[in-house]
Amino acid sequence: AQKVTQAQTEISVVEKEDVTLDCVYETRDTTYYLFWYKQPPSGELVFLIRRNSFDEQNEISGRYSWNFQKSTSSFNFTITASQVVDSAVYFCALSEAYTGANSKLTFGKGITLSVRP
Amino acid sequence: ETGVTQTPRHLVMGMTNKKSLKCEQHLGHNAMYWYKQSAKKPLELMFVYSLEERVENNSVPSRFSPECPNSSHLFLHLHTLQPEDSALYLCASSRRGSDTQYFGPGTRLTVL
Chain R
1 AQKVTQAQTE
11 ISVVEKEDVT
21 LDCVYETRDT
31 TYYLFWYKQP
41 PSGELVFLIR
51 RNSFDEQNEI
61 SGRYSWNFQK
71 STSSFNFTIT
81 ASQVVDSAVY
91 FCALSEAYTG
101 ANSKLTFGKG
111 ITLSVRP
Chain W
118 ETGVTQTPRH
128 LVMGMTNKKS
138 LKCEQHLGHN
148 AMYWYKQSAK
158 KPLELMFVYS
168 LEERVENNSV
178 PSRFSPECPN
188 SSHLFLHLHT
198 LQPEDSALYL
208 CASSRRGSDT
218 QYFGPGTRLT
228 VL
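Order-wise, the sequence lines are chains R and W. Taking my numbering, the leading residue of the first sequence gets 1, the next gets one more, and so forth. Taking my numbering, the leading residue of the second sequence gets 118, the next gets one more, and so forth.
The following block holds chain R by itself, in its conformation from the complex (with noise of 0.2 Å):
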C-alpha cells in the first residue's frame, strides 16, 4: 500500500525566512510520481511540480525548490524568502505507475504553512 507522510503539521515563519516542507513516502512500485500542490485560503489546490522516479535532479522553480531522495524516500520542498501569499497548505502526494486512463493519488495530510509579515 502506498503512503505519504507529512510529519509537520504546521509552520510559522517570518517573512524573507527560508522554510522547509518535508514529505516522506512509502510505495513498492519502483515506478511512481510524486507531486506537491499547494491549498491557499480560497480552496483551490493549485498543481506545483510532478516528479517521477527515475529523475533524482533537484528542481528550481523561482523561490520554489524540491530535493528529491530516493533513499530515504523523501520529496522535501523549501521556499526560500518566504513571501505572505505563500501562507497555505501543501499537500504532498504520490501516484503509482501510471496503468489506465485515469491517476491514483494518495495524499498526505498537508503541512499548514503561515508566514507573519
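Among the hints, a few may not be true.
Here are the simulated DSSO-like pairs of lysine-lysine, each with C-alpha atoms no more than 30 Å apart in a straight line [claimed, not checked]: (1) 38(R) to 109(R); (2) 70(R) to 158(W); (3) 153(W) to 104(R); (4) 38(R) to 157(W).
A few chain R residues that don't get close to chain W, going by computed Cβ distances all over 12 Å [unchecked claim]: (5) 9; (6) 16; (7) 55; (8) 57; (9) 60; (10) 61; (11) 68; (12) 71; (13) 76.
Don't read these hints as lab results, they were simulated from the structure. Keep in mind the model is a prediction, meaning the values are calculated, not measured. For each residue, glycine too, the CB sits at the ideal point set by N, CA and C.
Let chain R serve as the given structure and place chain W on it in line with the hints.
Positioned in the frame of chain R, the structure of chain W alone reads:
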C-alpha cells in the same frame, strides 16, 4: 487559471434538502474525480469517472450520487445528508495518459 470550475462555491442545506454540485473542466481531459476534504482529515477520494464511466466508488454512502453526462461535466447529487457531511468538496480532472490532476476551487458545504 479557470481550467476546472465548480458551482456553487458555498452551499448551506438542511438534512432533508436535495441539492447538486456541479463541476466543469475546460482542459479537454477525460477523467474526473470527486474528493471530500474535512477539517483535520486527509483528502478522501470519493468517485472517479473515466471516459464517462464510473471506475471507482470508495465506499461512499448512497446519499451521494455522482453523474457524469459527458467528459466535461461532473455532478454530485446530494440528498438527506448528515451534519458530518459538511466539508469542502473538490472536483479534479486529468488527461488520459497523464497522472497529474487539476483541481477546481471546491464547494464549501454546510449541512444543518
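Status of each hint after checking the structure:
1. The suggested pairing of residue 38(R) with residue 109(R) holds, with an alpha-carbon distance near 12 Å, which does not exceed 30 Å.
2. Simply put, residue 70(R) and residue 158(W) have alpha-carbon atoms about 27 Å apart, close enough for the 30 Å limit, and the pair holds.
3. For the hint pairing residue 153(W) with residue 104(R), the CA-to-CA distance comes to about 15 Å; that is within 30 Å, so the pair holds.
4. A hinted pair counts as satisfied when its Cα atoms are at most 30 Å apart, and residue 38(R) with residue 157(W) qualifies at roughly 16 Å.
5. With a cut of 12 Å on Cβ distances, residue 9(R) falls inside the contact zone with chain W, its closest approach being about 9 Å.
6. Look at residue 16(R): its CB is around 27 Å from the nearest CB on chain W, clear of 12 Å, so calling it non-interface holds up.
7. With a cut of 12 Å on Cβ distances, residue 55(R) stays outside the contact zone with chain W, its closest approach being about 14 Å.
8. Annotated as non-interface, residue 57(R) keeps its C-beta farther than 12 Å from every C-beta of chain W; the closest such distance is 19 Å.
9. At roughly 20 Å, the least C-beta separation between residue 60(R) and chain W is larger than 12 Å, which holds for a residue marked as non-interface.
10. With a cut of 12 Å on Cβ distances, residue 61(R) stays outside the contact zone with chain W, its closest approach being about 15 Å.
11. Every C-beta of chain W lies more than 12 Å from that of residue 68(R), the closest at about 16 Å, which supports listing it as non-interface.
12. Against the 12 Å criterion, residue 71(R) stays outside the reach of chain W, whose nearest CB is about 23 Å from its own CB.
13. Annotated as non-interface, residue 76(R) keeps its C-beta farther than 12 Å from every C-beta of chain W; the closest such distance is 19 Å.
The structure fails hint 5 only (numbered hints given earlier).
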